[in-house]
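Colleague: Taking the working numbering, the leading residue of the sequence shown gets 45, the next gets one more, and so forth.
Read the hints as simulated data drawn from the structure, not as lab findings. These numbers come from a predicted model, not from an experiment. Watch out, some of these pointers could steer you wrong.
[To be verified] No farther apart than 27 Å at their CA atoms in a straight line, the calculated lysine-lysine pairs in the DSS-like style are these:
id, residue 1, residue 2
1, Lys-174, Lys-136
2, Lys-201, Lys-191
3, Lys-97, Lys-120
4, Lys-75, Lys-97
5, Lys-74, Lys-54
6, Lys-191, Lys-174
7, Lys-67, Lys-77
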Amino acid sequence: MGRGKIEIKKIENINSRQVTFSKRRAGLLKKAKELSVLCDAEVGIIIFSSTGKLYEFCSSSMEQMLESQLEVISLKEEIAKLQKGYMQMMGKELDGLSFKELQNLEHLLSEGILSVKDKKEQLLIEQLEKSRMHEQRAMMENEALRKQVEELRRSSKSTPQPSLVEFYPPDRRQSLQISSKIPCSCTTVDERAGSDTSLHLGLSSNAYLKRKGPKTESILIDSESQVASE
Numbered sequence: 045m046g047r048g049k050i051e052i053k054k055i056e057n058i059n060s061r062q063v064t065f066s067k068r069r070a071g072l073l074k075k076a077k078e079l080s081v082l083c084d085a086e087v088g089i090i091i092f093s094s095t096g097k098l099y100e101f102c103s104s105s106m107e108q109m110l111e112s113q114l115e116v117i118s119l120k121e122e123i124a125k126l127q128k129g130y131m132q133m134m135g136k137e138l139d140g141l142s143f144k145e146l147q148n149l150e151h152l153l154s155e156g157i158l159s160v161k162d163k164k165e166q167l168l169i170e171q172l173e174k175s176r177m178h179e180q181r182a183m184m185e186n187e188a189l190r191k192q193v194e195e196l197r198r199s200s201k202s203t204p205q206p207s208l209v210e211f212y213p214p215d216r217r218q219s220l221q222i223s224s225k226i227p228c229s230c231t232t233v234d235e236r237a238g239s240d241t242s243l244h245l246g247l248s249s250n251a252y253l254k255r256k257g258p259k260t261e262s263i264l265i266d267s268e269s270q271v272a273s274e
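Please construct the entire structure, taking both the sequences and the accompanying hints into account.
Modeller: This is the structure we're talking about:
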């Protein structure tokens, strides 16, 4: 037959209580050692008997384990405190705060807003200074480019322009220079027309000019008389 289920309660008999404590303590320490070996876990057990006697087990060093656990606990408390303060800064979880604590929170928020405004103004001033520097640099570059353009224009005006003869081959330059020196015998359209008519009539060009002279003079006299009468 199997063992019956034992009711979990305080053992009133002192001798039986001591025996049970010794057996269960040994079994607990054994299980803790097996757990640390099988699962590669850090296991630490501290046991105080009813008489105040200490029994402990640790897979590594008990002091190092306690220090690391205390650090973890303190970090968790600090994180929880920071999270609560952040929520209060956002206007949440204000229940349970006293009037003085609310005033302190309001003061902190006011100081935070002022510091944010100061930082924003500082950034705007820095950006303005940078833009001014860029503008001055651009103006200087434009002035330098303008001076270069003026110098190029002056140099182009001072240098002599090559003649068209220089672009021709050497064998044609001499013929062009000779043709430019020959005087141009140009006649007007009227002279050419008169010469043509004089040739048809068998007259010379000088005779034609003599015949044409009185006509032009009479025309000029008639135009002057009309202007005087008006």
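Colleague: Next, verify each hint and record whether it holds.
Modeller: Taking the hints in turn, this is what the structure says about them:
1. Lys-174 to Lys-136: Roughly 41 Å separates the two Cα atoms, so the pair is violated.
2. Lys-201 to Lys-191: Holds, at roughly 15 Å.
3. Lys-97 to Lys-120: Roughly 31 Å between the alpha carbons, so the hint for Lys-97 and Lys-120 is violated.
4. Lys-75 to Lys-97: holds (21 Å)
5. Lys-74 to Lys-54: holds (23 Å)
6. Lys-191 to Lys-174: holds (26 Å)
7. Lys-67 to Lys-77: holds (16 Å)
In summary, the numbered hints that this structure violates are 1, 3.
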